[in-house]
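A.B. asks: Chain residues, written in single-letter form:
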Amino acid sequence: MSSGPSRQLLSELASRPGRNSLADKLIRWMFISLSVVFLSALLISPLMMVLTSAFAKGMAVYARSFLDEDTFAAIKLTLTIALIVVPLNTVFGIAAAWAIAKFEFRGKSILITAIDLPIAVSPIISGLIYILLFGSQGWFGLWLQEHDISIIFALPGMLLATMFVTFPYVARELIPLMQQLGNDEEEAAITMGAGGLMTFIRVTLPKIRWGLVYGMILTNARAMGEFGAVSVVSGHIRGLTNTMPLHIEILYNEYDYVGAFAVASLLMALAIITLLIKTVIEWRGLRG
Amino acid sequence: MADTRQHTVLPGFGLTVGYTTFFLSAVVLIPLAAMVIKASSMSIGQFMAVLLDPRVIASYKLTFGTSLLAALINSVFGFIIAWSLVRYDFPGRKFLDALIDMPFALPTAVSGIALTAVFAQDGWLGQQLARMGIQVVYTWLGITVALTLIGMPFVVRSVQPALAEVQRDLEDAAETLGATRFTVFWRIIFPTVLPALLTGFTMAFARGIGEYGSVIFIAGNLPMKTEITPLLIVIKLEQYDYVGAAALGCIMLGMSFFMLLSINLLQAWGRRRLFVGKR
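Chains as they are written, first to last, in my numbering: chain A, 81 to 368; chain H, 1138 to 1416.
Next comes chain A alone, as it looks inside the complex:
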């Protein structure tokens, strides 16, 4: 993703002859104002709304909403899911990026498309497919019931749905990065006798680490914030299978707006931290 023009380019543009006419200034003013108005209405005002609603009844009520047992359980479940899903998808992303960036093989473009598939699919489908497999009327439903294993309306189903939704993010971040970096240094290391794992850790990893970090924090943000897919497989059992986004829905439907927006403010903070890390990585040119 580009991060806009350099200072040098901008000053060069501004100094070009004939670029300071009235019409240019007018267009410039119009474009910038339209951008600011559009983004304020659509993006900034909802963010402000989360904060003002969360603190509508003061600091004390805001703080008290986290003392609720169900809210606490929801936060714990969300962290648990992220803690399991992020490492799994990171390992997958690294393996997929190594296979796709380092080698040429038949079926590669199909593989890339298949990895992208979860992004294009509705989150509801991501939940639905696991219900069809593991639900009470699903393929393995009877077998699972006989062996007293619950996947749907329990943690395993929520893990699967979250994994599906966040599946491509690390791979998508790493593939173009590793393709662009080429194979020369790795080939040199191998030729000189380093092992495969050693080569990855000592040669490849230092080059891709910031891309990897960004892929992981994006996966994390998505895993913690997923709503649709998890909602389908969760069963909404309070204190048991409610993640933070699902708990927001419950509180909101019970007209506990302060509670709902208080939980929302935590997730918003997570999103802001995610973007901050991303921005720092980009501004410092650390990625690639």
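Hints were generated in silico from the structure; no laboratory data involved.
One or more of the hints may lead you astray.
What the hints assert, rightly or not - Some chain A residues near chain H, calculated using beta-carbon distances under 7 Å:
id, residue
1, Phe183
2, Ser202
3, Gly305
4, Pro325
Backbone N, C-alpha and C define an ideal beta-carbon position, used for all residues, glycine too.
Let chain A serve as the given structure and place chain H on it in line with the hints.
C.D. replies: Chain H alone, transformed into the frame defined by chain A:
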């Protein structure tokens, strides 16, 4: 997958391709196939009865209509925003640039309840609009607003690099030769950016069709009026109509495949254009 790789000394081909294919099959491909198989247990007549139910048809119209409208709005404003970020320097430009990705990182449930509060009859913007007789929440307008927010970064992030690629020398040359500003835009800038704009449009459109979390709060979910297709899948699941849910899921999956194919073709077209342009 046949081993047709070029000669390289790098290890790990079998391991990484094997692991990737296995994990991908287990988590993504087999479950998706299971849904298709489940739906194919219906007869054609049953299948069509689910897909052509009036309530379902109404949901297609709503889902496609609002996604299309949101993607169009985003194409216009996304272009304006990308242009402002690439071509102009103004206070707060970097802040806005960083903010563009917010809808990617912000959980959809959060943007859902926040937008509903902003556009409610007594909300900051809803109040102003209500005075003009426009109701946003619990109408198709509200759904469009939510989908516009969700799709915005796709268009901006797609157009931004393409705009940076436009050859300024060509613009200058054209201006020197007496081309008007409109001609420069129409003949030089627009053709360069078009593939990226279409890619962003399609991505935003595709995302809008599948979106659930940010929509259901602002939509109000009135049958025949503000029910989106993904919500109907949820309703069918709640009624234990697994087969019906699978049938609707298959239609949506087919749409996603079609969209993914279109995006890939558009991107290939864009790359080809860029290559020809640079030669």
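A.B. asks: Given a cut of 7 Å on the nearest C-beta pair, is the interface hint for proline 325 of chain A held or broken against chain H?
C.D. replies: holds, 4 Å
A.B. asks: Phenylalanine 183 of chain A was flagged as interface toward chain H. Is the shortest Cβ-Cβ separation under 7 Å?
C.D. replies: Hint holds; phenylalanine 183 of chain A Cβ to chain H Cβ min 5 Å, cut 7 Å.
A.B. asks: Grab the minimum C-beta distance from serine 202 of chain A to chain H and call the hint holds if it beats 7 Å, violated otherwise.
C.D. replies: Holds, about 3 Å.
A.B. asks: Classify the hint on glycine 305 of chain A as holds or violated, based on whether any CB of chain H lies nearer than 7 Å to its CB.
C.D. replies: holds, 3 Å
This entry satisfies every hint, going by the numbered hints stated previously.
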